[in-house]
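**Student:** Quick note, the sequences are listed as chains A and B, same order.
First residue of the first sequence: 1, per this note's numbering; consecutive thereafter.
First residue of the second sequence: 1, per this note's numbering; consecutive thereafter.
One should not assume that every hint holds.
[As the list claims (entries may be wrong)] Pair ranges (Cβ atoms, derived):
1. B:211 - A:311: 54 to 60 Å
2. B:397 - A:25: 52 to 58 Å
3. A:17 - B:324: 46 to 52 Å
4. A:22 - B:169: 36 to 42 Å
5. B:306 - A:63: 46 to 52 Å
6. A:22 - B:539: 53 to 59 Å
7. B:171 - A:63: 56 to 62 Å
8. B:506 - A:63: 29 to 35 Å
[Said to hold, decoys possible] Listed next, the in silico DSSO-like pairs over lysine-lysine satisfying Cα-Cα at most 30 Å (straight line):
9. B:590 - A:161
10. B:99 - B:575
11. B:99 - A:161
12. A:161 - B:126
13. B:155 - A:68
No lab work stands behind these hints, which were simulated from the structure alone.
Note that CB positions come from ideal geometry on N, CA and C, so glycine has one too.
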Amino acid sequence: MTRYLINRILTSIPTLIAISLVVFLILALAPGNPMGEFATNPSITPEVRENIRRSLGLDQPIPIRYLKWVWAFLQGDLGYSFTSRSPVLGLILQRLPTTLWIMGLAYLLAVILAFPLGIISALKRYSILDQIVTTVSFIGFSLPTFFTGLLFIIIFSVQLKWFPFIYNSTLQVTNLQTFWQQIQQSIMPVCVLGFYQAAILMRFIRSSFLEQLNQNYVRTAYSKGLPKLNVINGHILRNALIPVVTLMALEIPGLFAGSLVTEQVFRIPGIGALLIDSIFRSDTPVIMGITMVYAILVVLFNLLADLLYGFLDPRVQY
Amino acid sequence: MKSTQYRMRSLFDSIYLKSYRFSVFVSLISLTLTSCGSSPNSTSTNPSNSNQQPPEKTLKLLYWQAPTILNPHLSTGFKDSEASRITLEPLASFNNQLKLVPFLAAEIPTIENGGIAKDGKSVTWKLKKDVKWSDGKPFTADDVIFTFEFISNPKVGTTTSGTYKIINNIEKIDDHRIKINFKDVTPGWYSVFVGTEGMILPRHIFEAYNGENSRQAPGNLKPVGTGPYRVVEFKPGDVVVYEANPNFREAKLLGFERLELKGGGDATSAARAVLQTGDADYAYNLQVESNILKPLEAGGKGKIVSNFGTLMERILINQTDPNKTTPDGERSSLKFPHPFFSDPKVRQALSLAINREIIANQLYGILGKPTSNFVVNPPQVVSPNTRYEFNLEKAAKLLDEAGWKDTNNNRIRDKNGVEMNIVFQTSVNPLRQKTQEVIKQSLEQLGMKVELKSIDPSVYFSSDPANPDTTERFAADLQLFSTGNTNPDPTSYLKTYTCDDIPQKANNWTGDNVSRYCNPAYDALWEQATTEIDPEKQKQIWIKMNDMLVNNTIVIPLVHRAEVGGVNQNLTGVKLTPWDLTVWNIKDWKKTP
């Protein structure tokens with residue numbers, strides 16, 4: 001087990017290096033370079049431009065820049081943003097609570113909805129309930145979130161005037177009234193993201209459940225005379241959960257990265273919006289910072305999912 | 001001032017880059033949704049939309065491009081300057097009547113009061129006394145001098161440094177009087193410390209950061225200013241919260257206790273927030289097609305205000321041949337004149353074949369009006385001598401006269417074996433692509449073959465010498481974009497067409513004369529304009545230069561573009577000027593409940 005863990009951690013190092021290298025190279029070679037905005041400005045003489053390049057560290061060749069970035073990253077220094085000239089780590093930390101709040105709630109909503117619905121529609125396959133749930137979930141994950149987001153805004157903000165559609169990140173939750181305001185402004189994005197994830201998760205749970213229902217061990221359990229609930233709980237659920245756990249573990253890093261489009265639609269100042277804006281501004285340090293933290297989380301949660309396998313399925317040996 | 005043209009150009013194009021890439025679907029969908037969802041529902045005002053504070057105490061500004069830094073001299077876009085302008089002030093600014101309004105200046109320098117030197121080489125400003133920074137420290141001449149030192153320090157790398165290159169030094173006469181000595185005779189003395197690029201920084205905050213460490217200055221993110229409101233909280237890329245500045249000289253007259261400048265999202269929903277739902281009081285720069293804006297305005301919560309600045313959408317004609325290559329691989333080289341656009345008759349025919357009315361009215365709507373001038377603002381400088389006309393018959397006749405006829409029956413005009421094949425390039429932007437289509441249709445009717453090309457704005461406007469698709473390389477026959485002068489003095493804008501400014505391989509493709517037009521008579525006029533102190537004579541020179549460009553069809557002006565904002569019905573005092581940022585007079589903004 002320990003050996004397996006060490007092995008996995010060691011193999012994840014080249015993966016991370018590869019990811020960072022690819023992202024860095026793409027950013028360095030992309031046409032909209034970080035100096036682009038400065039370059040269109042003729043009041044910057046070549047001499048001053050060279051100065052800015054030097055202060056941003058862009059005068060050095062790409063390999064040196066990469067090594068410098070890696071060295072700083074290993075020391076926990078994510079560098080300074082090109083456009084706001086403030087530390088990248090600060091920018092990320094400033095936005096993390098909002099993203100975690102919205103994405104966490106959305107994910108929670110997804111799990112609460114998907115588990116019962118998925119299991120029931122698998123057990124009552126082809127019943128009317130199953131048909132309805134299946135149809136709704138198909139619609140749910142076929143519609144992109146920016147569309148449902150706009151639809152929600154039109155219906156609940158513009159027409160019914162129930163919720164505001166501009167997220168107020170300066171709101172301080174101090175009493176019940178402000179807490180209620182916080183809930184109000186979070187409902188729409190949480191629902192949009194939650195329903196979307198619930199739809200995907202529900203389909204997954206349903207199919208993984210169905211796969212187990214026809215297995216021999218289930219028939220054996222039933223023929224032993226076990227009550228239905230026991231069979232579901234003790235036998236089916238445990239086996240059906242294995243792929244579901246993988247899926248869920250892999251999606252948790254997404255909580256950190258936020259949602260690129262939905263955050264933009266609702267003006268939520270989360271990590272996703274930061275990433276999109278930084279890409280538009282060719283703000284390399286911020287893009288690198290977010291993608292690397294995200295990559296590390298993905299690798300970590302992959303490992304976690306594999307470890308959970310062993311716990312859920314004792315046949316898996318490390 | 002020259003730099004602002006370019007910032008403007010990149011501003012508008014980054015807007016389109018963003019809006020096009022991200023919200024082209026969003027806009028389409030909102031279009032369909034609003035058209036079915038704009039039924040009047042004005043009766044109910046729901047308490048859920050109310051805020052902690054009573055609404056008239058807080059002003060909500062919505063900028064769908066979010067500010068990232070609050071130091072205008074280190075910023076690269078107007079979004080940052082806008083947010084900074086609420087806190088920081090210049091010495092003075094031009095209003096839309098072209099009158100200088102003093103901010104930190106006690107009076108406007110004139111020749112009569114001795115402010116402007118008779119030789120045009122210096123200007124003396126009197127500064128207001130008893131002005132305090134928002135932290136209580138007094139504002140003096142030292143702050144203005146320091147601002148110049150900060151801007152012109154190459155180690156700081158400010159984006160406004162080019163404008164201040166005309167200054168030789170600044171003398172401190174006393175604590176509230178400064179004398180700016182220019183390097184040369186400078187009729188445009190009002191281009192420094194005035195308007196958008198003229199904001200004064202506090203010396204005591206930035207003194208320790210006048211160097212390579214400028215990015216670490218806390219004042220970049222939490223500025224101290226003399227303006228009506230001061231920053232309480234700033235989250236880069238998201239929101240700026242201001243409160244009334246108790247040290248402001250007219251603090252009692254301010255309309256609000258608190259300002260919230262929220263950024264992010266897209267232009268269409270920003271328009272909706274002001275015009276339809278009233279979630280925000282002011283929305284900046286609504287670059288939304290007018291057929292989407294109009295139904296939103298019917299929502300009744302707000303109105304659209306448009307500000308015709310200096311931005312002008314134009315067609316640039318390549319005077320050199322983009323299809324011939326020099327031995328060292330240079331296209332559009334001065335060595336090869338254009339096979340047909342070097343003929344004035346062909347250029348004239350081209351201008352006659354463009355239907356400006358259709359483009360302005362159908363595509364731009366309230367966002368623009370047709371124009372025939374290169375300089376479109378200030379009104380005093382706009383030439384009365386130019387006309388535009390749409391007449392395909394006349395155009396065909398001119399081409400026939402010039403000898404361009406279809407001799408080989410392939411429906412394309414030719415002469416001496418050269419076919420009239422045109423490559424027409426611009427940036428990716430829905431309005432520009434539609435404009436291209438309209439023009440292509442007329443030109444093909446006329447017997448030219450037109451190939452349209454659209455380039456990603458981040459490449460097209462990048463000035464990257466290594467990239468062949470930039471405006472400077474101009475590897476096409478025609479190109480379309482917009483720019484203008486943000487300073488009432490158009491001299492540096494008119495410099496665009498001087499011979500020295502031609503981008504070629506030899507100068508690593510730097511320069512703004514992308515049409516590669518070279519006319520010694522024009523250059524001579526420009527030289528004259530730079531040193532002419534008599535305003536009336538200078539104006540005549542500018543008009544003459546404008547006419548030279550337009551009547552010889554060196555450039556084809558199409559549309560004078562407006563900047564559009566959304567304003568709440570109950571918000572008063574919003575008065576836009578082309579020569580400063582939209583919040584320049586925010587001290588006068590009031591809201592009736």
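**Student:** So, for every hint listed, does it hold in this structure?
**Tutor:** Hint check:
Taking 54 to 60 Å as the suggested C-beta distance range, the pair residue 211 of chain B and residue 311 of chain A conforms, at roughly 57 Å. Between residue 397 of chain B and residue 25 of chain A the beta carbon distance is about 57 Å. The supplied range of 52 to 58 Å therefore holds. At about 48 Å, the CB distance of residue 17 of chain A to residue 324 of chain B agrees with the hint of 46 to 52 Å. At roughly 51 Å, the beta-carbon separation of residue 22 of chain A and residue 169 of chain B lies outside the given 36 to 42 Å, and the hint is violated.
Between residue 306 of chain B and residue 63 of chain A, the C-beta spacing of about 51 Å keeps the proposed range 46 to 52 Å intact. Range check, residue 22 of chain A to residue 539 of chain B: Cβ separation about 58 Å, and the 53 to 59 Å hint holds. Checking the proposed 56 to 62 Å range against residue 171 of chain B and residue 63 of chain A shows it is violated: the Cβ atoms sit about 50 Å from each other. Between residue 506 of chain B and residue 63 of chain A the CB atoms are about 31 Å apart, so this pair conforms to the stated range of 29 to 35 Å.
Distance hint between residue 590 of chain B and residue 161 of chain A is fulfilled; the C-alpha atoms sit about 25 Å from each other, no more than 30 Å. A threshold of 30 Å between alpha carbons decides the hint, and for residue 99 of chain B with residue 575 of chain B the separation of about 14 Å falls inside it, so the pair holds. As the CA atoms of residue 99 of chain B and residue 161 of chain A are separated by approximately 44 Å, the hinted pair breaks the 30 Å bound. Among the hinted pairs, residue 161 of chain A with residue 126 of chain B is inconsistent with the structure: their alpha-carbon atoms are about 53 Å apart, more than 30 Å.
For the hint linking residue 155 of chain B to residue 68 of chain A, the alpha-carbon distance of about 22 Å falls within 30 Å, and the restraint holds.
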